[in-house]
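Throw the hints in and build the complete structure from the sequences for me.
Heads up: the sequence shown begins at 5 in our numbering, then just goes up one per residue.
By construction, these hints were calculated from the structure, which means they are not laboratory data. Computed from a predicted structure; not experimentally measured. Treat the hints with caution; some may be incorrect.
Stated by the list, open to error - Beta-carbon label-pair distances, calculated as ranges:
(1) L267 x Q145: 29 to 37 Å
(2) A93 x R191: 21 to 29 Å
(3) A84 x R117: 39 to 47 Å
(4) G124 x S100: 14 to 22 Å
(5) V128 x V248: 17 to 25 Å
(6) V90 x T259: 16 to 24 Å
(7) S198 x G78: 20 to 28 Å
(8) T259 x S64: 40 to 48 Å
(9) G57 x V104: 29 to 37 Å
(10) T259 x H184: 21 to 29 Å
(11) G81 x G183: 41 to 49 Å
Cβ coordinates follow ideal geometry from the N, Cα and C atoms, glycine included.
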Amino acid sequence: MLLSKLLRRLSHMKPGTEDGNSRGWRFVLHRTGFAKFSAAVILILGGVWLFLGILEDVLSGDPLVTVDRMLYSGLQGLRAPFFNHVMVAISELGDSEVTVPVALAMIAAHLFRREWRSAGYWVVAVAAAEASVKLLKVAVQRSRPVSIYKGIEGFSFPSSHATLSLVVYGFLTYLVCRGHRREVQFRIAVISGSVIALISFSRLYLRVHWFSDILAGLSLGTARIAFLSIVHYLRDHDRQGSSVLWMTALITFLTAAVIHIFLHHGVDFERYAI
5 MLLSKLLRRL SHMKPGTEDG NSRGWRFVLH RTGFAKFSAA VILILGGVWL FLGILEDVLS
65 GDPLVTVDRM LYSGLQGLRA PFFNHVMVAI SELGDSEVTV PVALAMIAAH LFRREWRSAG
125 YWVVAVAAAE ASVKLLKVAV QRSRPVSIYK GIEGFSFPSS HATLSLVVYG FLTYLVCRGH
185 RREVQFRIAV ISGSVIALIS FSRLYLRVHW FSDILAGLSL GTARIAFLSI VHYLRDHDRQ
245 GSSVLWMTAL ITFLTAAVIH IFLHHGVDFE RYAI
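What follows is the structure in structure tokens.
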């Protein structure tokens, strides 16, 4: 409520009553629109608030940890041979062997179009997400439900698959959707959201993450993408998505996914001890 009142007050402020900060806010609202800016702020604040709440529960052993164990036990009864292979393959879509090539391809596409800042945003988005996840893993040092990794990756909080898949596929969705009709934007968002959700669920199914790990990764990724998108929109409002971007992303994603699954599915299946 306070945020809504503040934004409405800024959007209706008279020119004669503006100071430097007010003019800055009016510029932001003019460039993004009240609804878009409000949604971005809510996602940023909500994502950070949710992440901090989850972190507090994990460190103090609050009821969320009990929910983790209940969901872990409940998912064990859903296992079936066919779905085991499917979940391993879906999880592989969130591996760095797939997400990194997609990010690199998008950087190359932006450089080809001379969109230097957009390429820089990709570098910052992926590098910052990867670094923050590793730092948090070392700081929290939470054990996985089943220990199958070594070193930093032996810690589970937060989920790097959930965080990185949301950052890569989420930012890709934002960039590709620009300039399209609402119906097209909705379809792209549904497809991207489904991929992210399936990757996240697969990590629970494969017993390598607790539910709170996944939720923390998604909340962290959501806040990061909302902030990055609003900054990108302010600086590159006139840049629209193009067929070059989505074709590059789709071809790279499918190629990297097929190659990765073909080469590593057997090894990954054994690693998850299904």
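Going down the list of hints, with the structure as the test:
1. L267 x Q145: 29 to 37 Å: 32 Å, holds
2. A93 x R191: 21 to 29 Å: 23 Å, holds
3. A84 x R117: 39 to 47 Å: 46 Å, holds
4. G124 x S100: 14 to 22 Å: With a Cβ separation near 20 Å, G124 and S100 satisfy 14 to 22 Å, so the hint holds.
5. V128 x V248: 17 to 25 Å: 22 Å, holds
6. V90 x T259: 16 to 24 Å: 20 Å, holds
7. S198 x G78: 20 to 28 Å: 22 Å, holds
8. T259 x S64: 40 to 48 Å: 45 Å, holds
9. G57 x V104: 29 to 37 Å: 30 Å, holds
10. T259 x H184: 21 to 29 Å: 24 Å, holds
11. G81 x G183: 41 to 49 Å: Because 46 Å falls inside the window, the suggested range holds.
Hint check: no violations occur; every hint is consistent with the structure.
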